[in-house]
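Full structure from sequences and hints, please.
2 protein chains.
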Amino acid sequence: MSRVRIEIKYLKGVEDPEALTIKKNLSILGFTGVSSINTVRSYEIEFSDDVRDPVAEARKMAEKLLVNPVIHDYEVTLAGE
Amino acid sequence: MSRVRIEIKYLKGVEDPEALTIKKNLSILGFTGVSSINTVRSYEIEFSDDVRDPVAEARKMAEKLLVNPVIHDYEVTLAGE
Chain A
64 MSRVRIEIKY LKGVEDPEAL TIKKNLSILG FTGVSSINTV RSYEIEFSDD VRDPVAEARK
124 MAEKLLVNPV IHDYEVTLAG E
Chain B
64 MSRVRIEIKY LKGVEDPEAL TIKKNLSILG FTGVSSINTV RSYEIEFSDD VRDPVAEARK
124 MAEKLLVNPV IHDYEVTLAG E
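Chains as they are written, first to last, in the numbering used here: chain A, 64 to 144; chain B, 64 to 144.
These are calculated hints, taken from the structure and not from any lab test. Please note: incorrect hints may appear among the correct ones.
It does not matter which identical chain is meant; a pair holds if it fits inside one copy or across any two.
Below, computed lysine-lysine pairings styled on DSSO-like, alpha-carbon distance capped at 30 angstroms [to be verified]:
#1 LYS87 with LYS123
#2 LYS86 with LYS72
#3 LYS127 with LYS87
#4 LYS86 with LYS123
#5 LYS75 with LYS123
Here it is as structure tokens:
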């Protein structure tokens with residue numbers, strides 16, 4: 064069993080709508096000391112033992128389904144075997 | 064400037080609908096070696112210097128706005144000063 068983490072962020076310069084909304088709402092709630100917020104979406108994936116290269120497999124999955132390369136950057140890390 | 068990261072996961076036993084959908088779609092695309100997927104939502108927050116205890120501030124923010132304690136567990140870590 065291998066565990067891999069795919070971490071997906073917005074590219075620099077791309078608007079992060081969820082973060083902007085949260086920043087506005089935090090400010091309404093009185094949290095005025097926030098300079099910036101970035102959202103990160105991660106997937107923790109467990110592979111069965113017959114997957115030989117879980118990091119490469121996770122990269123393929125990211126590129127085929129999870130990541131939009133126009134707006135996202137992503138990173139794959141091995142979380143444990 | 065302090066940077067804090069709030070990481071939000073589903074509690075164990077709570078259904079993670081996004082993960083279930085992704086697992087199904089990955090399997091349709093031929094990625095059949097996935098045993099399980101968990102989604103994690105994180106916020107990277109930069110505080111201005113007048114916030115004295117950024118971790119405590121982030122905890123308050125999580126509890127007031129970002130986390131639903133019925134279904135979520137969360138963790139706050141200091142990412143840098």
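Hints and how they fare:
no.: 1; hint: LYS87 with LYS123; verdict: between (36 angstroms within a copy, 16 angstroms between copies)
no.: 2; hint: LYS86 with LYS72; verdict: both (17 angstroms within a copy, 20 angstroms between copies)
no.: 3; hint: LYS127 with LYS87; verdict: between (33 angstroms within a copy, 14 angstroms between copies)
no.: 4; hint: LYS86 with LYS123; verdict: between (33 angstroms within a copy, 14 angstroms between copies)
no.: 5; hint: LYS75 with LYS123; verdict: both (23 angstroms within a copy, 28 angstroms between copies)
Going down the numbered hints, you'll see the structure goes against none, and every one checks out.
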